[in-house]
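**Student:** The numbering of the sequence shown is this note's numbering, which starts it at 33 and goes up by one.
Please keep in mind that the hints were generated in silico from the structure rather than gathered at the bench.
Using N, Cα and C, we set each Cβ at its ideal position, and we do this for glycine too.
Do not rely on the hints blindly, as some may be mistaken.
Said to hold, decoys possible - Computed Cβ-Cβ distance ranges for the label pairs, DEER-style: (1) Asp-71 / Ala-174: 23 to 33 Å; (2) Glu-167 / Val-116: 23 to 33 Å; (3) Gly-115 / Val-136: 32 to 42 Å; (4) Gln-60 / Glu-38: 18 to 28 Å; (5) Ile-177 / Thr-113: 30 to 40 Å; (6) Thr-144 / Asp-71: 34 to 44 Å; (7) Asp-71 / Gly-132: 27 to 37 Å; (8) Ala-134 / Gly-85: 29 to 39 Å; (9) Asp-133 / Arg-155: 31 to 41 Å; (10) Val-116 / Gln-73: 31 to 41 Å; (11) Gly-132 / Lys-92: 38 to 48 Å; (12) Thr-144 / Val-81: 14 to 24 Å.
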Amino acid sequence: MELGQEVRINAHRDRVYASLNDVEILKQAIPGCEELTQDSQTEFSATVVSKIGPVKAKFKGSVTLSDLNTPQSYTMTGQGTGGVAGFAKMCATVDLAEDGDATVMIYCVKATVGGKLAQIGGRLIDTAAKKMADEFFGRFEALVIGQSENGVGGPDTVA
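Can you build the whole structure from these sequences, using the hints too?
**Tutor:** See the structure below:
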């Protein structure tokens, strides 16, 4: 599966980059996220409950950030297992470009799934992934803008 999108976020690029590395913001923005822990500067572990078609599972996994180019881009690689539901592996690139006071985020995700997830069909998985991405970015932008309006963070603050 491949998923890519360009998303405009009404916040300065430094704030967006910092927020993409902020455990509390990510935990609130990731659909179904029950737990998110930052294990190091570049490693996170998570527990996420997800329902894709008839398959609902609790996935436990990890994500590693690499190719860090603060505040412009990075690469994420991750994997998770959901018991009998199967597994998922992914690699994503994230690029941030300034657009006045806003940021344009361009991302591309390549993922593979196995187990019951692989049996439900690519179209259903693609639809669910797109819905989850839209939900994530809607929540993420609201959280980033809310922080900026409340005086938390700003263009000169990087977490």
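**Student:** Verify the CB-CB distance for Gly-115 and Val-136 against the hinted window 32 to 42 Å.
**Tutor:** holds, 38 Å
**Student:** Take a look at whether the Cβ-Cβ distance between Gly-132 and Lys-92 falls inside 38 to 48 Å.
**Tutor:** Once the Cβ atoms are compared, 40 Å apart, the range 38 to 48 Å for Lys-92 and Gly-132 holds.
**Student:** A range of 29 to 39 Å was offered for this pair. Does it hold for the Cβ distance of Ala-134 and Gly-85?
**Tutor:** holds, 35 Å
**Student:** Okay, Asp-71 versus Ala-174 on CB: inside 23 to 33 Å?
**Tutor:** Given about 27 Å between the Cβ atoms, the range holds.
**Student:** Thr-144 and Val-81, beta-carbon distance inside 14 to 24 Å?
**Tutor:** holds, 21 Å
**Student:** Taking the Cβ atom of Val-116 and the Cβ atom of Gln-73, is their distance within the range 31 to 41 Å?
**Tutor:** For Gln-73 against Val-116, whose Cβ atoms are near 34 Å apart, the range 31 to 41 Å holds.
**Student:** Go ahead and decide if the range 34 to 44 Å is satisfied by the Cβ distance of Thr-144 to Asp-71.
**Tutor:** violated, 23 Å
**Student:** Between Glu-167 and Val-116, does the beta-carbon spacing fit 23 to 33 Å?
**Tutor:** holds, 25 Å
**Student:** Starting from the range 27 to 37 Å, see whether the pair Asp-71 and Gly-132 falls in it by beta-carbon distance.
**Tutor:** holds, 36 Å
**Student:** Could you check the hint for me, namely that Ile-177 and Thr-113 are 30 to 40 Å apart, CB to CB?
**Tutor:** holds, 34 Å
**Student:** Holds or violated: the 31 to 41 Å window for the beta-carbon distance between Asp-133 and Arg-155?
**Tutor:** holds, 38 Å
**Student:** Taking 18 to 28 Å as the stated bounds, is the beta-carbon spacing between Gln-60 and Glu-38 within them?
**Tutor:** holds, 23 Å
In summary, the structure is inconsistent with hint 6 from the numbered list given earlier, while agreeing with all the others.
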